[in-house]
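Based on these hints, arrange chain B on the given structure of chain A.
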Amino acid sequence: MASALFASLPKPKYTGEHEEAPLHAQPKGPRIVGPGVIDESQIVLKRSGPPPYGQRSGWRPRNPEDFGDGGAFPEIPVAQYPLDMGRKGKSSSSNALTLQVDAEGKVKYDAIARQGHNDSRIIHSNFKDLIPLRQRAEAGDLSLDRPSQDEVAASTEKTKQALEKLVSGAVAAQKPKNVKGRNREEPTYVRYTPANQMGDTSKKNDRIFKIMPKQQDPMEPPKFKHKKIPRGPPSPPPPVMHSPPRKLTAEDQEAWKIPPAISNWKNPKGYTVPLDKRLAADGRGLQDVTINDKFAQFAEALFTADRHAREEVNMRAKMQQKLAEKEKLAKEEHLREMARQAREERAAATASRPRRDSGSRRRSRSKSYSDSYSSRSDTDYDSADERAHERALARKERREEDQRQYRQSKMGTERRMQALAREQNRDISEKVALGLAKPTAASETMYDSRLFNQTSGFDSGFNEDQHYDKPLFAAQDAISSIYRPKASAGMDDDEEGGADGTLEKIQKGNRFDALGKSNFKGADLVGEREEGPVQFEKDKDDPFGIDSLIGEAKKNQSENSKKKYGLERAEDREDESRKRRRIQDDD
Amino acid sequence: MSDVAQTISEQTRSLFGSDYGQASADASQIALHHKRKAEYDNVQELPKALAEKQAQAAASRGPKRPKVPNGGTNMALVKANGDAKTQTNGTTAGTPTSLVRRPNMQQPKPEWHAPWKLMRVISGHLGWVRTLAIDPDNQYFVSGAGDRTIKIWDLATGHLRLTLTGHISTVRGLAVSPRHPYLFSCGEDKKVKCWDLEANKVIRDYHGHLSGVYTLSLHPTLDVLVTGGRDGVSRVWDMRTRANVHVLSGHKQTVTDVKCQEADPQVISASLDKTVRLWDLAAGKTMGVLTHHKKGVRALALHPKEFTFASASTQTIKQWKCPEGALMQNFDGHNSVINTLAVNEDNVLFSGGDDGTMSFWDWKTGHRFQSLDSIAQPGSLDAEAGIMCSSFDQTGLRLITGEADKTIKIWGPDSKATPETHPLEWKPTLSRVKF
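These protein sequence lines are chains A and B, in that order.
Under numbering that gives the first Met the number 0, the first residue of the first sequence carries the number 0, and numbering increases by one thereafter.
Under numbering that gives the first Met the number 0, the first residue of the second sequence carries the number 0, and numbering increases by one thereafter.
Next comes chain B alone, as it looks inside the complex:
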């Protein structure tokens, strides 16, 4: 039916259309004008009362503020409206859109790093490997585990050299002294021990912690040892006399990590109370508290060359500038509980998650150039894929991780990789990057 009707109407138009003519643009304009005049003529002007009110309001508003030219400008441009200096930037104040990007708005391009891959798996511990320490001469490394033993391994071959027993609970912290033949260890049994590596014996015990000791750090220039633990305090021990020099109290929960460096702040501690504290070692007082983290902070890492450090809590890693503790940048993207951090001299930051995820970051720009999952050794549960501790060796070319599947894994950069084979996957964001 409709087809028939359409054909009829078409035929009619073809027959008589020339007589009537098409509705032109002019015609529609005229029609609109007519309609406006006919229907809205009576409301063309405001009523008198209203018009008066409006005039008054306009007068009382006073001089108008300079209007912000809308679109594509930012606060800096507004401020510099009368300033001649900004004119040199190449953008004129009046133009709303600038084609040239301002130099300080450019994002720095991250450095290229070779991707890391698994080199060796050492399975020798009978419990979670909770802590690692590297020999200052890069000959061996030391691991402490939930099987209450400390094992010393050859770094080159991966062979077991020595097993030290003495702790009666999980070993949580280890440090090899670069200036003494000593190895320091601490554990969940509240004990801090000093081992003589020439006799392989415990020669000192540092007694004082009220609960498990979770972390340990040696001062690089002083004969001082800092430990922190579940009792929420960090203790500074004199190495020789075993005296408890300072009790650095201030954290409200477990101290999870402690790092020492040679210049102030000489001690940095991270805690599960979501804060990082910088300590004045001479006075034994807090220098500053960094409260930027939203979850408990589990790991710290000092950069070997820069005067910066990084702290990690669940899903966030933050980098700080050192003497004043200013936030430098965030490392976004590692969505898990981060257990450990490690930095090497080539500006590679490693973060290991509790669920076995690993991320490698560029220290300067915060770009994640690699993320992978650690593979649990066969026979372990899904829940046992987790990275507990990590450390770069002295050269920075080997990464050693201790994992919850009771293995120690050694990772190395892929020597065959080049920027051509593994191009940098990085795109500058279009959104605003500077504030």
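For reference, chain A alone in the conformation it holds in the complex:
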């Protein structure tokens, strides 16, 4: 079949049969012929190996067959490569290693891993190396001691020297010592006396040679090119002493699948996502808010409960008020009744004892009545009417006052604060009069300055929404400016300091020396006020001398006629007179 196929093909143009090798290259030894040649010629002597001795003149071993089983022929002065050993070009094609056997006759398979490494290299190539030493049956005792001092010192010394060499080389390379032509050596001088030559006896002069090295061009390019030696074949990788990694199971793959991060701001192409889409993706509008129906019921219930509670509270309050009023009315009625009774009693008494002590009683009320004893009885009813009217007026006034106070007390703290706040700072007439509160002179519009600069400042962000929590005219500023002399007063120009000087003078100087005393009487008792408006303080001692009156009354009971000394005030006098009257009454 194959022969038929070859027969069908055209004959090859170039077979290499007719080419003749050059003469020196033609094998001189036995001719090697193929099986086909046997048929052509009968004279065939097929021999392998070298020709026998004596017939080797001009014979050169070229091919592996020429060597037979042996080595090179030392008597033939020609490069010989038995078994192709050492032949250039061809030998590199095979990187097979020679078989190596250890002492026990076992093949050293780790030679392949040791190829290119030195002997001290640690290579794990046995199955034994996988078994831990602690679990090896024949491991024996392990010596785990650290190396001795001597060993350490020796290795340290060795390493140190090796490193020192490297360091010195590296340091030397850094120094620019190798630049050519920088330092020229001193020339050497040689005296030369020519010897007699060829019978020449003529006198020769001594010559002096100056020998100096030729100057080098420091910029001369290097004459020789450094050729990088190509890298040697890599040494084999270390044997891998672990099992191959397990294949990823589907589960593991699933577990390692990390979804890519999705940005709300950028789409995968890097463009910015529009705001509406971003909000849509946000999912905020996706779920509609559903409120439970019971919320409405709950709110309703709360509302009704609240209303109920309020009503009840109102009712209770009204009831209490009513009760209180009733009580008050009852009390008033009672008082009135008592007063009426007293009046009636008195009237009865006066009717029985007409003019006894009424004069003294009336005197305090009105001088005119007390003055005219005679007209007292006929003007009595007139004056009684008038007095009743007065009393009614006063009572009404007091009632109104009471009612207002009652209302205020019932108002609750919130309302009361509001009311107080309304009272405060309402009256600025005083400030207008002092020229502190002036309408803004701006031509355009008026602004409340408190509305400005609220967000920037020391206390911004604290009470932003309420602009009116501070007084319109800061009282402190006003006070400190009111009670201070002004520099522009003009009269203090000669003195140093101007306004400050004046202030000091006022504060330090005794302005009331002219009055004879350094201070007012009793002024030292009151603490001196440096600044601010005049403040009033509550009078502690009773202005009407009630206490003293009681004390004196007690004294007077013992000694009736006691003289009074010293300054007497009007009230005292009146008290005195009243007291006297009482004494008279007692009589």
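A hint or two may mislead.
[Unchecked claim] Below, computed lysine to any residue pairings styled on SDA-like, alpha-carbon distance capped at 20 Å:
1. Lys159(A) to Lys284(B)
2. Lys294(B) to Val239(A)
3. Lys426(B) to Arg133(A)
4. Lys284(B) to Glu156(A)
To be clear, the hints were calculated from the coordinates, so they are not data collected in a lab.
Quantities reported herein were computed from a predicted structural model and do not represent experimental measurements.
For chain B alone, kept in the frame of chain A given last:
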């Protein structure tokens, strides 16, 4: 209905049973024999052709191998079948089950260690505490954090002594020199700095790393400093001249931890390419590569007395014997990303996880005697429970951990605990332990 039927049948049996007799064992034997004879008699012998074939096969198999006595024996016994030595072990070769456990099969009992508990929480950093270093005199300790500061704390009181600023990114490595008044620091800003602790100033910068520097170690006997970082190389610096003595390249990924010791291998580096490399410092070449880990190795710890070290990757900690890098044992059970390891002289190994889990191990046997979760300080997220770095102080009685909740925690062994109050929770496994 069925009840009725049963009662009837019982009655019948009670009436007539004595006449018929019960089916005895003999009877059943006879029945079986009869059945075998009756039904399977024709196939009692193989057909002739088959019988011939079988005989041939048996002949060609040749001499039989000695049969392994089955049950309870292992390979060692088989090998020693003709050997007289093993007879002394107390087990005879022929007996399949041995009641006496062989001495080298016994599991060593782990040493008892006091349980550790939290002693103090220091909250002063504003970022993850990424690195810790202890003063050789045990007076203070140094911490570096994500807030770009280095803070020096009093070890006894926990008060802040000093704050050093100078790094412009997270500080990832610190070391206090025992032979100089120097503090070395490195950070994610590619900088390695040398601080003079007498003036509290930066006096040297070691320039050369191409990316963040994640770890730093000082050589115990030479004036040499080794740093490793995200550019996958470890660099050896001469301390004084600032020259880059060696570039230890070989790792394919970030170098996460570097340790130096005085004897070969003088430098050990761990990397995220799942390998640990042992380096020959004099030549600047790899001495060996340990490829046993299956995940990136994040931490290394040298034992202060033994010539061993441990390396930790996710869920596994391995202990190695030093000059030759032989695997000694595995510490199994800490199921998290392990960020840090620390060993003290009392053979306590600490491992801290990225999720805040802590494990305390016995170094000799690999027994985990305590595991607990670190408590994140109040106000921190769940994700912020993580231990970033740890270190035992010079006495080995205090463990300092730097955590992702921005605190430094100090742990100590419970001084009241005794083996009676906290008994060792250890049971020898019944499975095979030696191979």
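query = So which of those numbered hints doesn't the model satisfy?
reply = No hint contradicted; all consistent.
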